[in-house]
Amino acid sequence: MPASGLGDLELLVLLAVLRLDGQAYALSVREEIVGRTGRELSRGAVSVTLDRMEDKGLLQSHLGEPTAARGGKAKRLFGVTPAGLAALKTTLEGTQALMQGLPPGLLEGRP
Amino acid sequence: VRRTWLARMALWPLPPAAREAALGDLLEEASATARGPGWVLRQALGVAAHHHAEAWRNAPQRLRIIGLALAVALPWALLPAAAELLLAGAEGLYADPASNAALAVWRQSGLVAAVAAGLLLGALPGWTRATEPARGHLAVLMLAGSLWRDGPVAALLLVAALWLARRRAAPDDPQTWRPT
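Chains as they are written, first to last, in this note's numbering: chain H, 142 to 252; chain B, 745 to 924.
Hints should not be assumed to be uniformly reliable.
What the hints assert, rightly or not - Here are some of the chain B residues that sit facing chain H, going by a computed Cβ distance under 8 Å: (1) T748; (2) R752; (3) A761; (4) A762; (5) A765; (6) G768; (7) L771; (8) E772; (9) E773; (10) S775; (11) T777; (12) A793; (13) H794; (14) S843; (15) P869; (16) A874.
These are computed hints drawn from the structure, not numbers from a lab. Each residue gets a CB set at the ideal place from its N, CA and C atoms; glycine is no exception.
All chains, full assembly: derive it from the sequences and hints.
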């Protein structure tokens, strides 16, 4: 798996999984993203993005213990793989390279 | 929230372990926010819709699905035509019981094609987790085709063959986790 860049939602999901540090599952990942970015995100979008990233080798998952609050269903917990970290590095470096040289104060609306 | 079988059915495109985890997430959220089974079902349908759409997301996946569809649809389409040719040449030539039995089977070529299509669609390798929901899409198309061309018995046989082949190929065990 080459360390290619991440899509917009993939970047958010990867950062949320890192922040949740071993407690990342679809519900907590969505709450982390919505809570910290204010971005509205459907449960389905998070679910397919987690699956896609696991297929790409950026994340790995395992099943946790079933709990009564979840109707006896296990959590599917996600962690970031070395390939995921490499993809994150590539994406952030690319973003920073593009940001360099932009007029100061651009993001505050002052050219 | 205990009446979850509709939500579980809605989540059918997901692999077994992912389905159970997704249902668990919805039940946990419903429990925390005091929402009912109707909310769980609506959310499950939304999650499933994303997985259905994901199968067709990019060109390589679409090409893979089309290849698999052709592998299933060609025998389904060609078997009745082949049977027609065979029967045209063989009717009246043979009188022994074995030949008569074989010809009787070929006279029901629509049913044979439906069973073959169901078995192929259920057991054909080459699907990935992302493209797996498309197997259901093809099943619906072939079911409609069988119903239109060969009638309800053929459609029923297709469903039964598909179900049997899937049970053999991928037992629905939530503890079995197969990423691809």
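- [ ] Hold the hint about A765/B up to the distance rule: shortest CB distance to chain H must be less than 8 Å.
- [x] 4 Å, holds
Task: E773/B as an interface hint toward chain H, with CB separation required under 8 Å - done: 6 Å, holds
Open item on the list: Tell me if the interface restraint on P869/B is satisfied: Cβ within less than 8 Å of some Cβ in chain H.
Closed with: Hint on P869/B: violated, closest Cβ of chain H at ~17 Å, above 8 Å.
Open item on the list: So, as I understand it, the hint says A793/B touches chain H; can you test that by seeing if any CB pair is closer than 8 Å?
Closed with: Given a least distance of 6 Å, the restraint on A793/B holds.
TODO: Grab the minimum C-beta distance from S775/B to chain H and call the hint holds if it beats 8 Å, violated otherwise.
DONE: 5 Å, holds
- [ ] So, S843/B near chain H? Judge it on the closest CB pair being under 8 Å.
- [x] 51 Å, violated
Task: Status of the hint placing A762/B at chain H (closest C-beta pair under 8 Å) - done: 6 Å, holds
Task: Evaluation of the interface hint that places R752/B against chain H, nearest CB under 8 Å - done: 10 Å, violated
Task: chain H contact restraint on H794/B - CB to CB distance below 8 Å - done: With Cβ-Cβ at 3 Å, under 8 Å, it holds.
Open item on the list: Can you verify the interface hint for T748/B: is its Cβ closer than 8 Å to any Cβ in chain H?
Closed with: It holds, given that the least Cβ distance between T748/B and chain H is near 6 Å, below 8 Å.
Open item on the list: Can you verify the interface hint for A761/B: is its Cβ closer than 8 Å to any Cβ in chain H?
Closed with: Since the shortest Cβ distance to chain H is 6 Å, the answer is holds.
TODO: Let me know if the C-beta of G768/B comes in closer than 8 Å to any C-beta of chain H, holds or violated.
DONE: 3 Å, holds
In the structure shown, a violation is registered for the earlier hints numbered 2, 11, 14, 15, in ascending order.
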